[in-house]
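Enquirer: This is what each chain is made of:
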Amino acid sequence: MSVETTYPFDQQVITQLSQSLKEPDWLLADRLEALELATQLPLPKVEQTNISGWNFTNFKPYTEESPVQIDQLPDHVKSYLFDEKSGNLLVQKNSSVVFKQLADELAQKGIIFTDLTTASREHGDLVKKYLTQAVKKEEHRLAALNAALWTGGVFLYVPRNVEVEVPFQSLFWAAGENVGIHPHILIIADENSRVEFVANYVGDDLVSLNNSVIEVFVRQNAQVRVATINNMGKSAVEVIYRRALVDRDGKMEWIIGDLSEGRIISDNTSYLNGQGGTANVKAVALGVGKMRANITSNIHHFGTYTNSDIQARSVMKDEASSILNSITKIEKGASKSDGQQSGKVLMLNPKARGDANPILLIDENDVKAGHAASVGRIDPIQLYYLMSRGITKEQAEKLIIFGFLDQVISEIPSESLRQNIIHVIEGKFGA
Amino acid sequence: MSVPKLTIKDLHVAVEGKEILKGVNLEVKGGEIHAIMGPNGTGKSTLASALMGHPKYEVTSGTVTLDDQDLLEMAVDERARAGLFLAMQYPSEISGVTNSDFLRSAINAKRGEGNEISLMKFIRELDKKMELLEMDESFATRYLNEGFSGGEKKRNEILQMLMLQPRIAILDEIDSGLDIDALKVVAKGVNSMRSPEFGCLIITHYQRLLNYIKPDFVHVFMQGRIVKSGGPELAERLEAEGYDWVKEELGIEDEAANPTA
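Chains as they are written, first to last, in our numbering: chain A, 1 to 431; chain B, 1001 to 1261.
Wrong hints could be hidden among the right ones.
[What the hints assert, rightly or not] No more than 35 Å apart at the CA atoms, straight line, and that leaves these computed lysine-lysine pairs for DSBU-like:
hint, chain 1, residue 1, chain 2, residue 2
1, A, Lys129, A, Lys351
2, A, Lys351, B, Lys1018
3, A, Lys393, B, Lys1056
4, B, Lys1247, A, Lys393
5, B, Lys1188, A, Lys398
6, A, Lys398, B, Lys1214
[Said to hold, decoys possible] Coverage of chain A stretches by chain B, computed from C-beta distances (three or more under 8 Å per stretch; other residues unrestricted):
hint, segment
7, 90 to 97
8, 376 to 388
These aren't lab readings, by the way, just hints derived from the structure by calculation. Just so it is clear, CB atoms sit at the ideal spot from N, CA and C, and this is done for glycine as well.
From just these sequences and the hints, can you work out the full model?
Expert: Pasting the structure below:
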């Protein structure tokens, strides 16, 4: 029945990689098990998008890079960073972490912020307890592939009762012919802690694959905000599974900017496991050229009194096409819960395509839930109105588009993050 | 600056293949205020929209020039930058775009790159004009026309006119749906623009507005063209006696048999 998937690398490559990084034995065993799964498991099931022809196998699995200073980063890469002199920051180029920095005072509070490889050596028990527990390698081929091949990555641990005001930042920069990267981010916010994390993914047009995982553990009454901005090039297949497990009274907030230009599977899923948990999603996608995206925001309510809100907006230009899935699932027993969602697509060109799928799955009576979805084009009368005031067609379209996105972008709490998303979007219209 | 001049010659306009304007001739110059009056459905608003370049209206023949430039050759935004303004009967609502962002974009579009208005100057101007129009400060930060009442939208149209300082403005039924206080405010705004460098074409059903904005010329519009012109006294007679005497004088049978938007 099932056909084994073959890759241009084998156990030996992974073993050498793991040993050269001096990883603990359990991790190597884990990786080899994941590789085995990656050859056998099917691709993930993605609503309304046929991914069977996408390239998940042909890429360079490991591209080593030398450390750099922030000043040496090219401007288009550096522009993603803010407060880079003082900030808590990790930069990964291709397979290697090339820069990391953590303020002393945060280290003294017991915060761990380092690459995942180092963490596996220095905080093995903690890493072992949480790694691949939110996104399990048994789920599908791509999760297994990430578990087998991840390099660099981020480990962020915030101890109990510690609140951090400044966001932690990470930047994943992929460059070069046929490069494949597999960043893995693991965030643990212990009880009553608060933390904000930003991950940027940037890549040039030669890169083949970005297969990323973000796992977030929001312990009791903790608050976590994770923002990701993805801007990979035209040839790249991008897979990003983000997942949060939220305990009692915990709060998870996702801010997602899918701005890549190739083929995209973007998934953010939150499990509200404990009573009183909250998950909010603000997702913006912009497609240009022949971008193909399947973007899913998914919230599972298990605990009573849990709240969620999904706000997703997608703007499709040229021949781009996106499927926007918003899924709110309220399980039996999750009474007094409230799940809201709104997904809207704006298409700018006759050849642009978009779809918004609102999915409410409610197995409990005593809940509130609501959804809104729309797919449309720019209203020519609106355009006429703006132009009648002397605004050029191009500028008028831009006003309407940013107006469309405003409901999400204006809610982004960090000014620098908001500005950067606007900056990247503006850049796409300039092209 | 030169005195603006809008010249319309034998203008014919169709909507979805149906001819609405059937030979309009009119000249509006700086310093002049013209009023076009007429029963509903005679094509008054079609004239306004066609001059601005609304996508639905097709000019089938005739010429329109603004300061001797061919207006009909220009795109909508070029017409505006050449100095034409239309206060619309039904302004669009645009979510997510604040009134002030919109106004600043419009002003800067006209001023051109490298010559943008400074934020301070813009705010000063906006405050001044909003005060004149008795508009609440919150209008600046509200989304463009979204959730505005009919009267608020009309006031916002006049605010845009004051900020953009056009050479020729067309006010399309700016008075409909306004109570007397709002009407006075709108008139105050229009009157503040009066100068040799500003010409205005007011389209209305009601003579009421013309008590507050004194027109120099009044034109009666029927069957897709101007059928009679005169001074302010013409508006007063129309208000007192209606349109029947005009129809009789000109031998027009039944205007209502040809209703159009």
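Enquirer: Against this structure, judge whether each hint is valid.
Expert: Hints, verified against the model:
1. For the hint pairing Lys129/A with Lys351/A, the CA-to-CA distance comes to about 48 Å; that exceeds 35 Å, so the pair is violated.
2. A hinted pair counts as satisfied when its Cα atoms are at most 35 Å apart, and Lys351/A with Lys1018/B qualifies at roughly 31 Å.
3. For a cut-off of 35 Å, the pair hint linking Lys393/A to Lys1056/B stands: about 17 Å separates their Cα positions.
4. Proximity of Lys1247/B to Lys393/A is assessed by CA-CA distance (about 43 Å); at most 35 Å being required, the pair is judged violated.
5. Distance hint between Lys1188/B and Lys398/A is fulfilled; the C-alpha atoms sit about 34 Å from each other, no more than 35 Å.
6. Distance check on the hinted pair: Lys398/A and Lys1214/B sit about 40 Å apart at the alpha-carbon level, beyond 35 Å; violated.
7. Under a criterion of three residues with beta carbons nearer than 8 Å to beta carbons of chain B, the stated coverage of the segment 90 to 97 of chain A fails, only 0 such residues being counted.
8. For a cut-off of 8 Å, the count of residues in the segment 376 to 388 of chain A with a CB near a CB of chain B stands at 9, and the three-residue condition holds.
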